[in-house]
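Chains as they are written, first to last, in the working numbering: chain A, 1 to 226; chain B, 1 to 95.
Derived by calculation from the structure, the hints in this document are not laboratory data.
As the structure is a prediction and not an experimental result, all values here were calculated from the model.
Treat each hint with caution, since some may be false.
Taking lysine to any residue pairs in the SDA-like style, the calculated list, with each CA pair at most 25 Å apart, reads [unchecked claim]:
no.	chain 1	residue 1	chain 2	residue 2
1	A	Lys13	B	Glu42
2	A	Lys187	B	Val30
3	A	Lys13	A	Arg73
4	A	Lys13	B	Gly24
5	B	Lys71	A	Pro27
6	A	Lys2	A	Gly58
7	A	Lys2	A	Arg23
8	B	Lys71	A	Ala32
9	B	Lys71	A	Val31
10	A	Lys187	B	Glu42
11	A	Lys2	A	Arg159
12	A	Lys13	A	Ser3
13	A	Lys187	B	Arg40
14	A	Lys13	B	Leu31
15	A	Lys13	B	Arg40
16	B	Lys71	A	Met1
17	B	Lys71	A	Arg77
18	A	Lys187	A	Arg130
19	A	Lys187	A	Glu208
20	A	Lys2	A	Thr62
21	B	Lys71	A	Leu76
22	B	Lys71	A	Gln33
23	A	Lys13	B	Gly29
24	A	Lys13	B	Phe23
25	B	Lys71	B	Leu88
26	A	Lys187	A	Glu214
Now the in silico label distances, taken between C-beta atoms and shown as ranges [claimed, not checked]:
no.	chain 1	residue 1	chain 2	residue 2	range
27	A	Arg146	B	Gly24	39 to 49 Å
28	B	Gly38	A	Asn204	14 to 24 Å
29	B	Leu31	A	Asp163	46 to 56 Å
30	B	Gly24	A	Asn204	28 to 38 Å
31	B	Ala52	A	Asp142	34 to 44 Å
32	B	Leu31	A	Ala116	27 to 37 Å
33	B	Gly24	A	Tyr30	20 to 30 Å
34	B	Thr90	A	Arg146	42 to 52 Å
35	B	Lys71	A	Arg143	20 to 30 Å
Just so you know, even glycine gets a beta-carbon here, dropped at the ideal spot from N, CA and C.
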Amino acid sequence: MKSFTFDLPSWTKHRAGQHYDLRLTAPDGYVAQRSYSIASAPERNGAVDLTVELVGGGEVSTFLHEQVVPGDRIELRGPIGGYFVWDAARSDGPLLMVAGGSGVVPMMSMLRHRAAAGRTVPARLLVSSRSYEEIIYREELDRLARGSDKFDLFHTLTRSRPDGWAGFARRIDRHMLGDVSRAFGSKALTFVCGPTPLVESVANALLELGLRAERIRTERFGPSGT
Amino acid sequence: MESSNADLTLDGNAAGGLLGEAFGEDLTGVLGRCPDCGRRGELATLRAFTHAPGVVLRCPACDGVQLAIAKTPSGYRFDIRVRTEHPLRTRRDGP
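Work the whole structure out from these sequences, hints included.
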């Protein structure tokens with residue numbers, strides 16, 4: 001996992017949850033393009049952070065992880081998205097976020113936005129990671145949770161746990177979502193982001209728990225973009 | 001193979017960049033109605049098949065094709081079946 005800061009010559013303020021398309025063009029004209037969620041807050045002027053997971057055999061992520069050096073110029077298109085977005089000023093209920101793996105990246109933008117905007121809307125984040133070492137933004141999330149009594153952080157580790165682990169220790173299921181979301185009742189505006197199977201099962205479980213479909217916003221990611 | 005085609009399916013968010021380029025505005029938050037089953041939802045909630053030349057957006061309820069778009073050397077080719085409040089206009093349609 002690596003985060004990259006891009007200075008944007010024609011910067012447009014983004015909305016938390018949006019993404020950029022990143023396009024690489026080879027000398028022979030071959031084009032590879034992927035979508036990456038913005039991790040930074042909209043309050044930051046002139047630049048965005050994109051956090052990119054290294055995908056085995058992924059031509060774009062491998063290039064970014066292994067070839068790019070500070071100062072390189074990269075072609076970006078965005079910001080993109082008008083659905084999977086959260087605006088603190090327009091918030092009309094508590095914020096519930098459920099993320100699998102690098103699905104936490106857009107949630108990071110929302111949480112940074114929430115902090116930068118000084119909003120105290122209650123927020124809860126459940127993150128599923130394979131192991132403790134693979135938790136993305138672990139230290140910053142811990143800091144945010146310690147610094148705000150209105151933000152609660154929940155982790156589940158699906159493959160391995162350190163000794164004495166006190167968090168959840170299984171794949172996200174309805175019971176776990178019930179424990180995390182109960183305090184918000186059915187009023188929460190909910191964002192779910194992760195690999196397609198995780199998003200499907202979480203969204204279905206949230207509906208079974210009584211959340212309304214129009215209050216659940218989903219974003220699926222997979223091995224390839226457009 | 002454990003991995004099914006469904007696991008490779010993304011959603012309309014992933015088509016946002018291509019749609020924005022073709023239509024000149026962000027369409028992922030636009031509400032549409034499926035012409036086959038009548039389901040209503042934002043274009044972001046449609047199933048996106050991106051492992052092909054171009055993108056096909058299908059209804060998550062009935063699987064009907066709601067929008068297909070492909071970029072060609074001379075522009076874009078569309079099949080727009082989704083019903084939206086305002087008709088979707090391509091950049092070539094002019095204002």
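- Query: Under the criterion that the straight-line Cα-Cα distance not exceed 25 Å, is the pair Lys71/B, Leu88/B satisfied?
  - Reply: 17 Å, holds
- Message: Does Glu214/A sit within 25 Å of Lys187/A, going by the straight-line distance between their CA atoms?
- Response: 11 Å, holds
- Task: Quickly compare the C-alpha distance for Lys13/A and Leu31/B to 25 Å and report which way the hint goes.
- Result: Between Lys13/A and Leu31/B the Cα gap is close to 24 Å, so the pair holds against 25 Å.
- Message: For the hint 46 to 56 Å, verify it against the beta carbon of Leu31/B and that of Asp163/A.
- Response: 50 Å, holds
- Query: Within 25 Å, alpha carbon to alpha carbon, are Lys187/A and Glu42/B?
  - Reply: Holds - the C-alpha atoms of Glu42/B and Lys187/A are around 20 Å apart, at most 25 Å.
- Item | Holds or violated: Lys71/B to Pro27/A, with C-alpha atoms at most 25 Å apart | Holds, at roughly 21 Å.
- Is Lys2/A within 25 Å of Arg23/A, Cα to Cα? 17 Å, holds
- Kindly confirm whether 20 to 30 Å is satisfied by the beta carbon distance between Lys71/B and Arg143/A. Violated - the Cβ-Cβ distance for Lys71/B and Arg143/A, about 43 Å, lies outside 20 to 30 Å.
- Could you check the hint for me, namely that Thr90/B and Arg146/A are 42 to 52 Å apart, CB to CB? 50 Å, holds
- Within a Cα-Cα threshold of 25 Å, do Lys71/B and Val31/A meet the stated pairing? 13 Å, holds
- Taking only the CA atoms, is the gap from Lys187/A to Arg130/A under or equal to 25 Å? 30 Å, violated
- Query: Are the Cα positions of Lys13/A and Arg73/A separated by 25 Å at most?
  - Reply: 20 Å, holds
Violated hints for the displayed structure, listed by number in ascending order: 15, 16, 18 and 35.
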